[in-house]
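> Chain by chain, the residues:
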Amino acid sequence: MARTDSCGQFEQLVLTAVLSLDDNAYGVTIHKKVEELSSPKSVTLGAVYVTLDRLEDKGFLSSWLTEPTAERGGRAKRCYKVESAGEQALRDSMLTARRLLNELTIGKRSQAWI
Amino acid sequence: MDLRTVLSAVLPLASREQILGDLEERGFRARDILSVLPGAWLAHLRREWLGPVPSLADASEAALRLRAEQLRRAASVDLLLLMWGQPRLCASRQPGLSAPDFDWLHTRLGHPISHRDRYPMESLMPSPSQLLGDYRSTLQRRTPGVSAILLMGSLPRLLNQQSPIAWKLFFEVSTILLAGVLLYRSRHIIQELRNLNHPPRALTA
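Quick note, the sequences are listed as chains D and A, same order. So the mapping is simple: our numbering equals the position in the first sequence, first residue as 1, plus 3. So the mapping is simple: our numbering equals the position in the second sequence, first residue as 1, plus 89.
Treat the hints as calculated values from the structure; they're not laboratory data. Quantities reported herein were computed from a predicted structural model and do not represent experimental measurements. Heads up, the beta-carbon is just placed ideally off N, CA and C, and yes, glycines get one too. Don't take each hint at face value.
What follows is a set of in silico ranges between Cβ atoms, one per label pair, in the way DEER data are often shown [to be verified]:
1) A:E261 <-> D:D26: 53 to 63 Å
2) A:L92 <-> D:K44: 20 to 30 Å
3) A:F117 <-> D:W67: 21 to 31 Å
4) A:V95 <-> D:M97: 19 to 29 Å
Starting from the given sequences, assemble the full structure and let the hints guide the process.
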């Protein structure tokens with residue numbers, strides 16, 4: 004049976020950040036958004052790069068280089084876009100999280116988790 | 090010599106532009122630099138082995154061939170596991186293709202993508218046994234050292250039927266030996282794998 008690539012928690016954060024940033028998703032903005040989402044945990048820029056690279060290899064993201072800009076010392080940005088496979092993986096992760104939440108909030112243990 | 094020049098020299102060429110731009114935008118913080126360098130090199134070395142990922146937006150026939158080549162190389166890891174008598178490890182990696190790979194090939198071959206018809210794509214790729222046969226015959230012919238590795242890989246399974254302790258001992262010793270042999274011959278093996286010319290049947294059909 005074919006293996007379906009799933010998303011780790013950090014990958015989910017990065018995918019969500021790229022999705023929410025639309026056309027302005029590149030290294031710095033993605034890092035900033037991921038830090039917001041994972042607050043109070045701090046996140047390094049390197050960890051974001053590695054994850055972006057891995058997600059691109061999985062086919063969840065695609066990227067392209069933009070024109071160089073002056074505020075970046077005349078250097079180009081690599082912008083990212085979530086592909087349909089990435090959206091599907093994120094949706095699957097959300098469904099799993101929702102099932103977990105339902106399991107914990109409905110039933111005997113619900114009081115401890117609400 | 091300023092920091093930009095030093096970083097330009099130590100960053101991999103493929104990602105230098107965007108990383109330097111990002112670091113510049115964030116004011117060249119030491120924490121950023123220290124976290125970015127290892128990741129950038131790791132990604133670069135992985136891409137060197139697998140090749141660049143083609144853009145889905147402008148995927149051409151050449152891109153399809155490149156992706157197929159990447160999948161074939163990924164399958165060679167399965168082969169190494171098989172060679173080393175680790176069918177369980179290998180099975181956990183099968184079929185060696187991720188769901189996006191199947192989707193991508195489906196799209197390129199003009200088939201509709203659905204969960205149901207994703208699985209028949211497996212039959213279009215070489216099976217592990219086919220791969221094993223292909224690589225075995227080619228590598229044995231070209232690299233005598235690999236034959237020894239293949240032999241070592243098959244012995245633990247034989248020993249396992251007789252005595253689990255002997256197998257464990259043999260496995261430990263032979264793993265160390267294999268690591269040494271692989272390190273010594275890795276360049277040749279990688280070259281041999283690159284020279285193989287067995288495109289997936291999906292491309293030749």
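> For this structure, which hints from the list above don't hold up?
4
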